[in-house]
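**Q** Top line first, the protein sequences correspond to chains L and G.
Count the first sequence with the numbering used here and you get residues 1 to 118, in order.
Count the second sequence with the numbering used here and you get residues 1 to 111, in order.
Don't read these hints as lab results, they were simulated from the structure.
Errors might be hidden in some of the hints.
As the list claims (entries may be wrong) - Below 20 Å or equal to it, Euclidean Cα-Cα: the simulated EDC-like pairs (lysine to aspartate or glutamate) are: (1) Lys44/L <-> Asp73/L; (2) Lys107/G <-> Glu83/G; (3) Lys13/L <-> Asp90/L; (4) Lys44/G <-> Glu83/G; (5) Lys44/L <-> Glu85/G; (6) Lys65/L <-> Asp90/L; (7) Lys47/G <-> Glu47/L; (8) Lys44/G <-> Glu16/L; (9) Lys47/G <-> Asp84/G; (10) Lys47/G <-> Asp62/G; (11) Lys47/G <-> Glu16/L; (12) Lys68/G <-> Glu52/G; (13) Lys47/G <-> Asp87/G; (14) Lys107/G <-> Asp84/G; (15) Lys44/G <-> Glu85/G; (16) Lys65/L <-> Asp106/L; (17) Lys55/G <-> Asp106/L; (18) Lys47/G <-> Glu85/G; (19) Lys47/G <-> Glu83/G; (20) Lys107/G <-> Asp87/G; (21) Lys44/G <-> Glu47/L; (22) Lys65/L <-> Glu47/L; (23) Lys107/G <-> Glu47/L; (24) Lys44/L <-> Asp87/G.
Fair warning: this is a prediction, and the values are worked out from it, not measured in the lab.
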Amino acid sequence: QVQLQESGPGLMKPSETLSLTCAVSGHSIRSGFYWGWIRQPPGKGLEWIGSIYHSGSTYYNPSLKSRVTISVDTSNNQFSLRLSSATAADTAVYFCARKSGSAWFDPWGQGTLVTVST
Amino acid sequence: QSALTQPPSASGSPGQSVTISCTGTSSDVGGYNYVSWYQQHPGKAPKLMIYEVTKRPSGVPDRFSGSKSGNTASLTVSGLQAEDEADYYCSSFAGSNNFVVFGGGTKLTVL
Numbered sequence: 001q002v003q004l005q006e007s008g009p010g011l012m013k014p015s016e017t018l019s020l021t022c023a024v025s026g027h028s029i030r031s032g033f034y035w036g037w038i039r040q041p042p043g044k045g046l047e048w049i050g051s052i053y054h055s056g057s058t059y060y061n062p063s064l065k066s067r068v069t070i071s072v073d074t075s076n077n078q079f080s081l082r083l084s085s086a087t088a089a090d091t092a093v094y095f096c097a098r099k100s101g102s103a104w105f106d107p108w109g110q111g112t113l114v115t116v117s118t
Numbered sequence: 001q002s003a004l005t006q007p008p009s010a011s012g013s014p015g016q017s018v019t020i021s022c023t024g025t026s027s028d029v030g031g032y033n034y035v036s037w038y039q040q041h042p043g044k045a046p047k048l049m050i051y052e053v054t055k056r057p058s059g060v061p062d063r064f065s066g067s068k069s070g071n072t073a074s075l076t077v078s079g080l081q082a083e084d085e086a087d088y089y090c091s092s093f094a095g096s097n098n099f100v101v102f103g104g105g106t107k108l109t110v111l
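Using the sequences and the accompanying hints, generate a full structural model.
**A** Have a look at this one:
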């Protein structure tokens, strides 16, 4: 049974870089699939941030591309998100998920709330 | 890359059927049979309910079904039950760069 778990700081200041890690268990990242990040601002809908293939190929939402980096660490079976120059608009619950080639996400991590505030 | 369009709300009584629409363009919904639907209860992570337009993952009741016509995909929930009350989001593959686009979400109320 594949499980994903996000981790990272819950509070950060504007202009800092948001960094989150998603630990994967029950499936080896290097054996295939894509892996993705999705966020959900409080009370709002889902937004795809980006995805990474196990080989390291990355795909980013054009609206965030200039600030986003997704990387994979096959040794520790985890992947990470970095979002630079954070603002209050980046306050959201951040989910990690396994992604298929036909763009469905399953399973999802439980999500982690990141608040950007002074 | 714009969000897919969903109605903000939908409702039905127990036992009834309700259909939620998801409208995109020929660059996403209309261009590929890669539409998926997610159910999200408050404070929980989304759960995959339908993938590749019509397929149901193991464990999802057959009361949930998906379809597509042109640039519009639909999720139908038959035999509504109280536990179906949740937010529902559609999503689509959106191009050769492996882009993904979500809908704005629909709040389903079971009356």
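**Q** Confirm or reject each hint.
**A** These are the hints, each one checked on the structure:
1. Lys44/L <-> Asp73/L: violated (31 Å)
2. Lys107/G <-> Glu83/G: holds (13 Å)
3. Lys13/L <-> Asp90/L: holds (11 Å)
4. Lys44/G <-> Glu83/G: Roughly 14 Å between the alpha carbons, so the hint for Lys44/G and Glu83/G holds.
5. Lys44/L <-> Glu85/G: Given that 20 Å is the threshold and the Cα spacing comes to 17 Å, the pair holds.
6. Lys65/L <-> Asp90/L: Given that 20 Å is the threshold and the Cα spacing comes to 14 Å, the pair holds.
7. Lys47/G <-> Glu47/L: It holds: about 15 Å lies between the C-alpha atoms, which stays within 20 Å.
8. Lys44/G <-> Glu16/L: Violated - the C-alpha atoms of Glu16/L and Lys44/G are around 27 Å apart, more than 20 Å.
9. Lys47/G <-> Asp84/G: The given pair, whose Cα atoms are some 12 Å apart, holds under the 20 Å limit.
10. Lys47/G <-> Asp62/G: holds (15 Å)
11. Lys47/G <-> Glu16/L: With a Cα-Cα distance of about 31 Å, the restraint between Lys47/G and Glu16/L is violated, given a limit of 20 Å.
12. Lys68/G <-> Glu52/G: Satisfied, since the Cα-Cα distance of roughly 10 Å is no more than 20 Å.
13. Lys47/G <-> Asp87/G: holds (10 Å)
14. Lys107/G <-> Asp84/G: holds (10 Å)
15. Lys44/G <-> Glu85/G: holds (13 Å)
16. Lys65/L <-> Asp106/L: violated (23 Å)
17. Lys55/G <-> Asp106/L: Distance of about 13 Å is within 20 Å: holds.
18. Lys47/G <-> Glu85/G: holds (13 Å)
19. Lys47/G <-> Glu83/G: holds (13 Å)
20. Lys107/G <-> Asp87/G: holds (4 Å)
21. Lys44/G <-> Glu47/L: OK: Lys44/G and Glu47/L at ~16 Å, within 20 Å.
22. Lys65/L <-> Glu47/L: holds (13 Å)
23. Lys107/G <-> Glu47/L: holds (17 Å)
24. Lys44/L <-> Asp87/G: holds (11 Å)
Hints 1, 8, 11, 16 from the earlier list are contradicted by this structure; the remaining hints agree with it.
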